[in-house]
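Take a look at the letters that make up each chain.
2 protein chains.
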Amino acid sequence: MRVERDFELYYWPLPFRGQFIRAALAFAGKSWNEHDEGEIAALMQMALEDQPVPFMGPPLLVDNETGFALSQMPAIMVYLAERLALVHGGARDRALTVKLVNDANDIIDELTLDGGRQMWTEDRWASFIPRLVKWMRIWEAVGTSNGLEAGKGFMLGTAKPDLADIVTVTLWGTTASRFGAIAAMLAQYAPATMGLVQRLRAHPALARLEARSVKRYGHAYCGGEIEKSLRAVLPAGDG
Amino acid sequence: MRVERDFELYYWPLPFRGQFIRAALAFAGKSWNEHDEGEIAALMQMALEDQPVPFMGPPLLVDNETGFALSQMPAIMVYLAERLALVHGGARDRALTVKLVNDANDIIDELTLDGGRQMWTEDRWASFIPRLVKWMRIWEAVGTSNGLEAGKGFMLGTAKPDLADIVTVTLWGTTASRFGAIAAMLAQYAPATMGLVQRLRAHPALARLEARSVKRYGHAYCGGEIEKSLRAVLPAGDG
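Protein chains in written order, with my numbering: chain A, 1 to 239; chain H, 1001 to 1239.
FYI, nobody ran anything at the bench for these hints, they're computed from the structure.
Mixed in with the good hints there might be a few duds.
Unchecked claim - The list that follows gives simulated cross-link-like pairs (lysine to aspartate or glutamate, EDC-like), each with its CA atoms no further than 16 Å apart: (1) K1030(H) / E1065(H); (2) K1134(H) / D50(A); (3) K1030(H) / D1050(H); (4) K1134(H) / E49(A); (5) K228(A) / D114(A); (6) K30(A) / E4(A); (7) K160(A) / D93(A); (8) K160(A) / E149(A); (9) K134(A) / E1049(H); (10) K134(A) / D1050(H); (11) K1134(H) / D1106(H); (12) K1030(H) / E1082(H).
Could you put the whole structure together from the sequences, leaning on the hints where they help?
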């Protein structure tokens, strides 16, 4: 029998898109059950009207307090922001948080060439580098415009870490620790962001999540052929 | 001199992703200035710290009441939902609206093979059809689970059209009226959604927006080589 927990998460046994939701739940001290590939496949094969919410693919989250179910990572983050009180500013902070969530969603799609629509080649990676650097600099500019420094401050200028910071460590920390080349680029082009990532890695709930993730998924990030092709083009690093 | 209006919208002279924002503004009776390619290019070439908000690409919206600027279509929709009071339900309706916005964002990316990463071929389109049908059926299932019928009701079961309905007519109405094959599929696989689209096309502000869009952009949808390749594989229709 499954243990009763706060949420049910349907996501592949990988970080990638699901890790944002895991990080938000972990940060808020919530518990959840992970549902494996077999259960996801069963859910996806159900008639749409029988699904918890009609959806195309994981992640899908069920809130056990109400039974409310939701798909789409950015939508789930907006829901959790409200449900778990993870954004403490006003309309500006709520909106900028959603911008960063959608930026993150785009960045991980670009890192995987939209779910492996193509495979990475040396040439493709070389032409992508300026764009990845620009993403890092965009992130850095949002943070530093709100007073973020490597050693102090947070993405939206709050006194304590908020959802925008959880998104930051999940996006950049997870990729940097699994791909040494990304860590090196981040340190060079977004030092304040890298500093924030390092500070938040020490947050007890996020550190526990990362340890558990490495134990469960190894150094896998997005999995599949696309991860192999990404690792093949990235310079070796200690990531 | 530019006329003073409620918002400044930076988006290409095309429907595609910008049309969702235009529709939300038009529906709420707000005015906005459109900024053309030259102004978008100038904004994108600025140093990131000088941009209204550090961003990768349009759409970008500036709220003239406060000067607040935001990129990322789904984030802008979340902002406008709150700013213009376009979602009347509670946390459930807010979250489902964001799900539909992100579904729509995915669907238009898929229709354009992620911004023309590849071009459409007969084979690619043939393999995409089941997935496009599934998206239509997902949309239909969300609507009908909330009491939507062709002749009455709205996406989330509200008494009046809300942001989820504006997203619906913008996604499916805009594509259906420009691609006859999509209109035919929608009528077959999502008749309640098609009925909602037809009812909302008659909404005065949305009808004015559509007339103005056709006048300005012709029947262009996403533009570029990808639109040519899409039109080349779609069966001819009266769209």
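Results for each hint:
no.: 1; hint: K1030(H) / E1065(H); verdict: holds, 12 Å
no.: 2; hint: K1134(H) / D50(A); verdict: holds, 14 Å
no.: 3; hint: K1030(H) / D1050(H); verdict: violated, 27 Å
no.: 4; hint: K1134(H) / E49(A); verdict: holds, 12 Å
no.: 5; hint: K228(A) / D114(A); verdict: holds, 15 Å
no.: 6; hint: K30(A) / E4(A); verdict: holds, 12 Å
no.: 7; hint: K160(A) / D93(A); verdict: holds, 13 Å
no.: 8; hint: K160(A) / E149(A); verdict: holds, 14 Å
no.: 9; hint: K134(A) / E1049(H); verdict: holds, 12 Å
no.: 10; hint: K134(A) / D1050(H); verdict: holds, 14 Å
no.: 11; hint: K1134(H) / D1106(H); verdict: holds, 13 Å
no.: 12; hint: K1030(H) / E1082(H); verdict: holds, 14 Å
Against the hints set out earlier in the document, a violation occurs for number 3 only.
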